[in-house]
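Chains as they are written, first to last, in this note's numbering: chain A, 1 to 500; chain B, 1 to 500; chain C, 1 to 500; chain D, 1 to 500.
It should be emphasised that the hints constitute simulated quantities derived from the structure, not laboratory data.
Don't take each hint at face value.
[Said to hold, decoys possible] Simulated crosslink set (DSS-like; lysine-lysine; CA at most 27 Å straight-line):
| # | chain 1 | residue 1 | chain 2 | residue 2 |
| --- | --- | --- | --- | --- |
| 1 | D | LYS380 | C | LYS78 |
| 2 | A | LYS393 | C | LYS393 |
| 3 | C | LYS461 | D | LYS78 |
| 4 | B | LYS436 | D | LYS393 |
| 5 | C | LYS121 | D | LYS162 |
| 6 | C | LYS469 | C | LYS393 |
| 7 | C | LYS448 | D | LYS121 |
| 8 | A | LYS393 | C | LYS121 |
| 9 | D | LYS78 | C | LYS469 |
| 10 | A | LYS448 | B | LYS78 |
| 11 | D | LYS78 | C | LYS476 |
| 12 | D | LYS469 | B | LYS380 |
| 13 | B | LYS469 | A | LYS78 |
| 14 | B | LYS476 | A | LYS121 |
| 15 | D | LYS78 | C | LYS448 |
| 16 | C | LYS380 | A | LYS435 |
| 17 | D | LYS436 | B | LYS393 |
All values derive from a computational prediction rather than experimental measurement.
Protein chains: 4
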Amino acid sequence: MKDEVIILDPKQWTVRPANEIVILDSEFARDLNCVGPLDARYRIKIKELMVYISERARIKWQAKMIVALAEELFHESKITKWSIVEEIRAAADATTAEEVYDEEDRIGHDIQALKNCIRAKVSDEAKVWVGWGATSYDLIDSSNMARCKAGIKEVIVPDLKKLMAALIEIAWNEYDTPQMGRTHLMHALPTTFGFEIAQIVNRLGGCIQKLEGLTEELEGKFSGAVGTSSWYQLVIEDPFAFEQNILARVGLPAPLISTQIVGPEPWIRVLQEIINIAGVLGNLARNMRNLQRTEINECREGFGKKQVGSSTMVQKRNPLTWEQIEGIWKLLIGRLVTPLLNSISDLDRDLTNSISSRPDPEMLGYLLLTVKSATRALGKLEIDRPQMLANLKITGDLVGGEPLQLTLAFLGHPDAHEVVRQKAMQIQEARGTSKKTTLWELINIDRKLIPYVNRMTAEQKLVIQDPVKYIGIAPKRAKFVCQYWIEELGLPNPVAAIQA
Amino acid sequence: MKDEVIILDPKQWTVRPANEIVILDSEFARDLNCVGPLDARYRIKIKELMVYISERARIKWQAKMIVALAEELFHESKITKWSIVEEIRAAADATTAEEVYDEEDRIGHDIQALKNCIRAKVSDEAKVWVGWGATSYDLIDSSNMARCKAGIKEVIVPDLKKLMAALIEIAWNEYDTPQMGRTHLMHALPTTFGFEIAQIVNRLGGCIQKLEGLTEELEGKFSGAVGTSSWYQLVIEDPFAFEQNILARVGLPAPLISTQIVGPEPWIRVLQEIINIAGVLGNLARNMRNLQRTEINECREGFGKKQVGSSTMVQKRNPLTWEQIEGIWKLLIGRLVTPLLNSISDLDRDLTNSISSRPDPEMLGYLLLTVKSATRALGKLEIDRPQMLANLKITGDLVGGEPLQLTLAFLGHPDAHEVVRQKAMQIQEARGTSKKTTLWELINIDRKLIPYVNRMTAEQKLVIQDPVKYIGIAPKRAKFVCQYWIEELGLPNPVAAIQA
Amino acid sequence: MKDEVIILDPKQWTVRPANEIVILDSEFARDLNCVGPLDARYRIKIKELMVYISERARIKWQAKMIVALAEELFHESKITKWSIVEEIRAAADATTAEEVYDEEDRIGHDIQALKNCIRAKVSDEAKVWVGWGATSYDLIDSSNMARCKAGIKEVIVPDLKKLMAALIEIAWNEYDTPQMGRTHLMHALPTTFGFEIAQIVNRLGGCIQKLEGLTEELEGKFSGAVGTSSWYQLVIEDPFAFEQNILARVGLPAPLISTQIVGPEPWIRVLQEIINIAGVLGNLARNMRNLQRTEINECREGFGKKQVGSSTMVQKRNPLTWEQIEGIWKLLIGRLVTPLLNSISDLDRDLTNSISSRPDPEMLGYLLLTVKSATRALGKLEIDRPQMLANLKITGDLVGGEPLQLTLAFLGHPDAHEVVRQKAMQIQEARGTSKKTTLWELINIDRKLIPYVNRMTAEQKLVIQDPVKYIGIAPKRAKFVCQYWIEELGLPNPVAAIQA
Amino acid sequence: MKDEVIILDPKQWTVRPANEIVILDSEFARDLNCVGPLDARYRIKIKELMVYISERARIKWQAKMIVALAEELFHESKITKWSIVEEIRAAADATTAEEVYDEEDRIGHDIQALKNCIRAKVSDEAKVWVGWGATSYDLIDSSNMARCKAGIKEVIVPDLKKLMAALIEIAWNEYDTPQMGRTHLMHALPTTFGFEIAQIVNRLGGCIQKLEGLTEELEGKFSGAVGTSSWYQLVIEDPFAFEQNILARVGLPAPLISTQIVGPEPWIRVLQEIINIAGVLGNLARNMRNLQRTEINECREGFGKKQVGSSTMVQKRNPLTWEQIEGIWKLLIGRLVTPLLNSISDLDRDLTNSISSRPDPEMLGYLLLTVKSATRALGKLEIDRPQMLANLKITGDLVGGEPLQLTLAFLGHPDAHEVVRQKAMQIQEARGTSKKTTLWELINIDRKLIPYVNRMTAEQKLVIQDPVKYIGIAPKRAKFVCQYWIEELGLPNPVAAIQA
């Protein structure tokens with residue numbers, strides 16, 4: 001594989017339009033020496049996120065903070081020559097993660113190692129300004145929040161919107177496709193397939209909106225070892241404005257206050273919303289898997305011509321992608337507990353949260369994986385409308401039990417629910433015997449009920465006999481939901497696409 | 001204990017200004033037959049929340065939904081006489097939770113039991129309108145969300161604001177009280193006690209704002225067995241408007257779409273924010289407990305004159321309340337996993353989430369308990385300013401190591417960090433020996449450093465020698481945070497109180 | 001409801017054959033003022049466990065420890081008159097939980113309150129021996145472990161064995177009932193229903209064995225405030241033997257060492273195994289729910305004649321009990337996180353684990369509830385053998401794809417898997433069209449395959465054509481598993497019952 | 001770094017004494033392209049475990065299963081020439097993980113890809129025997145359990161025993177070093193430092209024993225697609241014995257029964273015990289961190305001469321390793337939730353557990369990391385005995401309050417606890433004032449108490465006045481615990497080492 005150069009998004013930078021931090025394609029290649037499946041197996045599928053979440057990116061973004069500091073020191077007239085900023089930038093860009101790790105091996109401190117590596121590449125005049133006055137967590141917390149924010153905004157949210165568009169297209173196309181609604185896994189009342197998908201559209205739409213909002217609330221900090229800006233207060237006129245300006249250079253707001261570290265809640269909320277998204281997709285997957293059951297068979301995951309379903313059972317076509325999506329939900333739920341434990345840090349901070357927060361970016365990776373998997377699975381979804389209709393008819397007009405008992409009650413029957421319940425049990429017991437019958441038949445041979453039947457309207461009679469008529473406002477509401485979220489999130493309009 | 005009558009908050013009701021649902025004081029008495037500590041031990045402390053979260057309240061609020069439905073059916077001209085609505089309301093109010101449970105024992109269905117109990121108390125004409133066309137979860141989900149929303153708004157948020165006021169009062173009073181800042185549990189740089197408390201003020205303020213916003217997003221649903229409004233669509237002109245109106249009567253918005261049940265995310269988000277609040281208070285508690293350690297002794301939990309600290313060790317005065325608060329955080333974290341598992345429900349719904357969501361209101365109870373405990377503990381907090389100062393001085397002028405090395409570097413020293421680090425180690429090794437010395441002494445006898453010392457300003461020299469001077473903008477930022485949240489949440493102004 | 005007297009199991013007592021601690025039936029009545037569903041709704045179903053897990057029981061068992069201490073002090077000749085032990089026992093028995101709570105309200109310390117209540121009822125001579133030298137957690141930890149151990153041994157394990165017997169009866173009866181095996185929710189290879197149930201038998205059997213073993217490892221402690229037996233060492237010859245003897249009186253071993261509290265691992269392991277049991281039952285429930293799907297319909301939960309399935313949909317018969325069982329699994333998983341957090345206690349102990357461990361006995365309650373629910377659901381399980389067979393045949397002889405390709409390969413075909421895979425796809429595409437065919441037909445018209453077919457044995461041909469023949473050793477292994485666990489756990493033999 | 005060859009442990013193999021699966025040193029090098037910290041940052045520290053837990057190892061061990069199958073087919077006289085087994089073994093050894101991944105990319109099935117890669121390297125005659133009749137999970141589940149078992153037994157348990165030896169050495173050396181015992185973080189009663197460490201010895205010892213036992217219970221399976229051995233039953237005389245023999249070749253027992261996959265409980269129990277170990281080490285770490293607090297300062301983590309404590313605060317020496325250990329505990333707790341969710345698999349299995357169980361081996365990696373960190377931290381632990389004594393004396397003879405009140409009560413004082421409690425409060429209020437006094441002084445000027453004092457023995461008086469005398473059986477019990485675990489686990493005896 002030839003290495004290509006990818007440029008980190010320059011929009012993060014306020015002073016200069018571009019930076020030279022580059023990531024090589026080799027970063028995305030599998031490393032089968034890894035233990036973690038994200039790194040060993042899946043990272044090739046989420047490669048555009050790696051410039052934000054890999055260990056290499058972690059260090060690169062820390063270096064970015066050192067450059068942002070230098071820029072702001074120039075702005076504050078502490079650094080008096082722009083060439084010094086340029087020197088620091090060049091040295092930061094030239095510093096590799098490997099170098100930093102080697103230096104850390106030597107001195108046992110990660111951020112001091114980074115500073116040393118950059119200092120070694122600049123003039124004596126510039127050396128003092130490399131990380132001048134910054135405590136480690138000014139760089140660590142800020143760069144972590146900056147890269148995660150950028151990764152969510154630049155990669156994850158756009159992919160979530162593609163998934164939304166794929167869902168909306170199905171919901172719109174199938175808005176009036178009749179399907180049996182199921183509660184307790186059992187036939188309940190009819191619905192439409194588009195209406196069912198619109199549920200997911202609506203839940204996911206809400207999550208995307210929340211995720212976008214919460215991402216904007218992520219904060220950095222640049223206020224020294226215990227948050228008091230003690231050193232900067234000696235040398236900078238307004239340390240709070242100074243902090244705000246540095247953080248703005250990497251796209252972050254400053255907190256009202258912080259200790260050595262930023263308050264954990266904004267980041268925890270982002271992770272919580274990630275779990276919520278995984279849950280919505282997990283529910284979609286659970287539904288799809290069940291609709292693909294051999295006996296139900298209403299949907300199928302499309303299958304490659306050469307794909308092997310089972311190493312022995314040649315006939316198998318399994319809902320593999322949906323299984324993966326539900327699996328990621330299980331994987332992510334467990335991961336949330338640790339960030340919750342990170343919400344406590346003793347006084348101005350203890351370091352017990354260091355290693356326990358290092359895997360957090362993995363959660364972004366798994367999220368993107370499940371989003372991409374869901375989009376792919378929807379793209380090759382086979383919908384079997386005849387089978388949906390055939391299944392709907394299994395329960396026959398028993399479905400009409402609800403409108404029947406409600407109509408009887410409406411027409412004055414004193415005990416409609418109980419009467420219909422008994423007839424329903426009679427039908428269920430008669431199944432598979434020669435006494436097989438329908439609800440409508442039983443009603444029409446019951447002398448006590450005939451007076452009520454006679455008073456029913458034609459529409460009522462129709463709905464009671466034909467379950468497909470009893471789908472209520474499902475089609476209307478499915479379309480409404482699609483339109484709402486198209487507007488709300490600025491998505492492409494599938495109506496136009498369909499009409500064209 | 002004499003039973004007193006408490007009226008459920010009438011603001012929930014849009015049509016009539018009051019309702020007669022009453023809760024007896026005996027509800028709050030301990031029941032030592034219970035297994036759960038909230039019910040057995042703590043409910044007396046959170047009694048104002050019980051009308052929202054007890055099992056009795058659960059059923060009462062379900063009955064409320066039946067009344068709201070009747071009201072709306074009158075509004076829709078289905079019910080043509082207001083007296084029928086009155087009948088249903090009276091019957092709903094007269095129905096006890098015990099009755100409903102007894103009926104459920106008989107027929108095995110909780111909502112049908114409720115309907116039966118109410119029907120038994122109304123005229124034949126009114127019977128049909130009791131829960132007319134509503135599926136169980138129209139009543140269950142909507143009433144659960146309505147009562148939890150009301151409980152949060154009416155009880156929990158007001159108590160959270162009282163806690164904020166208590167925190168702000170301390171932060172404001174102690175804004176410039178010097179205290180050693182500690183990272184890794186070790187002395188780091190000086191800070192102020194008010195600045196430390198302001199951290200909690202800021203984190204908690206953010207959580208309260210989020211909780212209020214998320215509570216407003218809780219939704220009910222009134223759209224039938226699979227969310228299609230199938231029956232209502234036959235008999236009501238605009239079933240969506242109908243749903244909105246019913247829900248408005250209990251203070252809830254309608255969702256854009258739902259299955260048999262409301263989408264789980266709005267409620268999960270409320271619970272997630274509850275965990276976040278517990279985490280902030282857990283962090284406050286962790287800090288306070290450590291500041292109370294015998295060897296640190298900077299804060300103490302006030303103690304009743306008759307209170308026994310230990311059954312054998314007579315001298316003990318323990319940070320009991322703070323321990324409880326941190327304990328509740330541990331208790332609540334575990335509880336969050338279950339609601340996350342409730343985010344999946346098969347197709348239009350399976351019932352596996354029924355029992356697993358029943359304990360959710362316990363989380364509200366534990367939250368209120370921890371909020372009240374924290375407010376109480378702050379009210380009797382003893383702050384030992386002399387001890388704070390004494391502890392601050394343990395580390396002596398080693399704290400000045402940071403401004404010293406930064407100043408040296410600023411003045412052009414090529415290797416300031418390393419030089420000062422070595423002197424700091426020298427001091428630490430000399431401790432307890434006759435060679436005990438200070439950083440300032442060592443600097444002033446080092447010929448290579450004297451030229452730099454000579455170039456220092458008076459202020460620089462002062463800060464390096466006296467750690468209390470090195471508190472940066474801590475006082476300013478502590479006050480700023482207090483003022484920000486006083487305005488943001490409309491809290492009482494402690495400044496006025498203090499000045500008066 | 002008339003109160004009946006239940007005597008606590010006397011087997012716990014080594015010195016005297018009985019004790020007078022009694023629990024009234026009213027303990028089991030519902031208390032609808034509760035928030036927790038276990039107390040409000042379910043405790044009537046697990047009433048035999050309440051004497052171990054209720055708050056009342058908690059205090060009663062603490063009083064037991066005080067009596068055990070007095071007995072041992074008599075044994076050690078510290079107390080010189082047996083009448084003093086009798087006095088203390090009588091006072092302990094006469095002390096109500098309510099009294100203790102009232103005293104705690106006054107003095108703010110629970111164990112001192114208990115001691116005061118007992119002391120108030122004995123002679124001056126006896127007063128000093130009430131809890132003599134015991135620190136609170138000598139009584140609290142030991143009594144908690146003693147009551148939970150007793151509850152598990154006396155109630156939960158026996159009920160688990162009844163559940164095993166119910167499972168074994170089904171597995172044994174249905175050991176050769178053909179059923180389609182399903183992987184990925186899709187038809188895979190045939191199995192038998194008894195073989196499927198035997199999976200649960202085997203997993204649950206392993207859990208019961210583990211639970212029994214782990215329960216025996218629960219420890220108390222009686223070694224004073226920091227575990228050093230400091231006081232007893234001054235006055236008792238062998239404080240370690242003293243500790244062992246006291247604990248033996250309540251059925252517990254002593255630890256090799258402890259701080260103020262017992263090491264948490266033995267109890268955590270019991271809770272972990274409880275989760276494992278809930279998981280096995282959750283898996284059984286998941287399976288049963290899916291087998292009851294309308295389209296699959298191989299099993300049904302029996303239904304009361306008067307039972308209402310849905311408040312509107314009269315035809316519904318839902319897998320309610322299985323849903324509850326899977327729900328309890330979700331509920332319990334979350335609860336495990338908190339005990340894990342209790343594994344850390346600062347130095348000789350901090351109290352943050354007090355409130356967070358108080359709900360632990362609820363886990364025993366929910367476990368018993370799910371065990372009883374599962375036993376009940378199995379008792380009324382309807383197994384539809386014809387439907388199992390009918391479903392099995394849906395996939396036709398495609399199931400034979402595995403033996404076919406393996407046989408072809410065995411007979412020397414170089415690419416058997418690929419050849420059969422293509423034919424399987426051909427059949428699936430032809431479904432529902434006029435080209436509908438079978439695998440056996442396709443094989444027999446493929447000239448390249450006919451030579452292989454000709455070399456097949458009659459048995460091979462039979463198995464390839466008839467999936468019901470391809471159940472392997474399922475029947476044999478199902479019976480083997482049943483017999484293994486009947487012997488291992490000493491269960492009643494269903495074979496005898498069946499043969500009789 | 002020069003690549004060295006490491007041979008996989010041959011003890012796993014029963015038929016031939018060695019195998020040629022090799023792992024290169026480059027596997028252990030950092031890969032900074034990784035997201036997961038275990039792979040990016042820490043794997044170099046746990047390199048001996050990588051041959052069991054890396055993705056490469058995963059595939060290598062799957063290939064091992066194919067060889068084990070071939071060996072057993074030879075044993076069963078299905079394969080009639082040993083050279084075929086040799087061919088398959090050679091092909092399996094020659095197959096790289098990269099090849100398998102490339103083939104999976106092509107055909108979309110991992111195990112079929114592995115088979116294809118091996119088949120491509122053997123003669124036509126041998127091809128059919130490569131994975132003959134095995135379903136994917138016969139290979140996957142068995143190889144996963146085999147490699148995790150081997151990794152635990154060969155690497156983790158030996159390292160745990162080294163950690164035990166390090167702990168025992170400290171507990172033994174410090175068995176009578178006086179230290180203040182602390183409950184609620186406050187001074188309680190004296191103890192010894194060795195006694196405190198012996199707590200950890202005892203808890204960890206129990207965990208190691210459990211882990212060893214549970215590891216032996218891990219099972220594989222080799223029974224086909226739904227566990228019925230359908231194919232093997234056609235061609236092998238005793239499929240159950242056949243399964244047992246294959247699994248024995250990789251060191252595993254066979255289950256009594258399985259579906260497509262092995263029952264999850266044995267593996268879950270191993271992971272649960274891993275969490276328990278992390279908890280014990282987390283508690284050790286919590287204790288050590290607090291003992292290192294600046295104000296307590298009884299222990300210190302040794303520090304490299306060149307190590308940088310803080311990038312700005314030059315004086316800092318932080319408890320970094322202990323912080324990491326407590327952090328790993330937080331990290332691991334969250335990870336346990338996912339395996340618990342894996343306890344349910346629909347019917348004969350769904351694949352949702354595939355991705356969610358892939359990270360399980362990471363837990364082994366983090367465990368080993370924390371074990372090694374703890375051993376290292378103990379090796380450089382600085383124990384400050386004078387400081388322990390100085391701290392002990394802070395509370396003065398207030399510690400004697402317990403023996404005082406118990407002695408008074410023993411001597412017949414009717415209200416000893418209350419009298420002493422009041423004196424203790426008097427002393428605490430007098431602190432820092434000119435009225436500073438001791439408990440012994442106050443007792444001796446109280447006329448009502450003097451008669452009791454006069455009746456005290458010399459030993460009682462001594463203990464009451466000198467807290468260091470009040471350490472009970474701490475020294476004895478600390479040594480006892482050491483000796484117990486040395487014998488139980490067969491550890492080196494530190495006594496011998498010390499005496500020599």
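Between LYS393(A) and LYS121(C), is the straight-line Cα distance small enough, at 27 Å or below? 75 Å, violated
Is it true that the CA of LYS436(D) sits at most 27 Å from the CA of LYS393(B)? Satisfied, since the Cα-Cα distance of roughly 23 Å is no more than 27 Å.
Straight-line Cα separation of LYS393(A) and LYS393(C) no greater than 27 Å? Roughly 21 Å separates the two Cα atoms, so the pair holds.
Below or equal to 27 Å on CA atoms is what counts here, so check LYS380(D) against LYS78(C). Judged against 27 Å, a Cα distance of about 48 Å means the pair is violated.
For the pair we were handed, LYS78(D) and LYS476(C), check the Cα-Cα distance against 27 Å. Holds: LYS78(D) and LYS476(C) sit about 24 Å apart, inside 27 Å.
Taking 27 Å as the top limit, are the C-alpha atoms of LYS469(B) and LYS78(A) close enough? 23 Å, holds
Going straight from one Cα to the other, do LYS469(D) and LYS380(B) come out at no more than 27 Å? Violated, at about 36 Å.
Within 27 Å, alpha carbon to alpha carbon, are LYS78(D) and LYS448(C)? At roughly 26 Å apart (the allowed maximum being 27 Å), LYS448(C) and LYS78(D) satisfy the hint.
Distance restraint between LYS78(D) and LYS469(C), which requires alpha-carbon spacing of 27 Å or less: 23 Å, holds
Holds or violated: are the alpha carbons of LYS448(C) and LYS121(D) at most 27 Å from each other? 26 Å, holds
Does LYS436(B) pair with LYS393(D) here, judged by a C-alpha cut-off of 27 Å? Holds, at roughly 23 Å.
Are LYS469(C) and LYS393(C) close enough, with their CA atoms no more than 27 Å apart? Distance of about 12 Å is within 27 Å: holds.
Comparing the model with each earlier hint shows violations of hints 1, 5, 8, 12 and 14; every other hint is respected.
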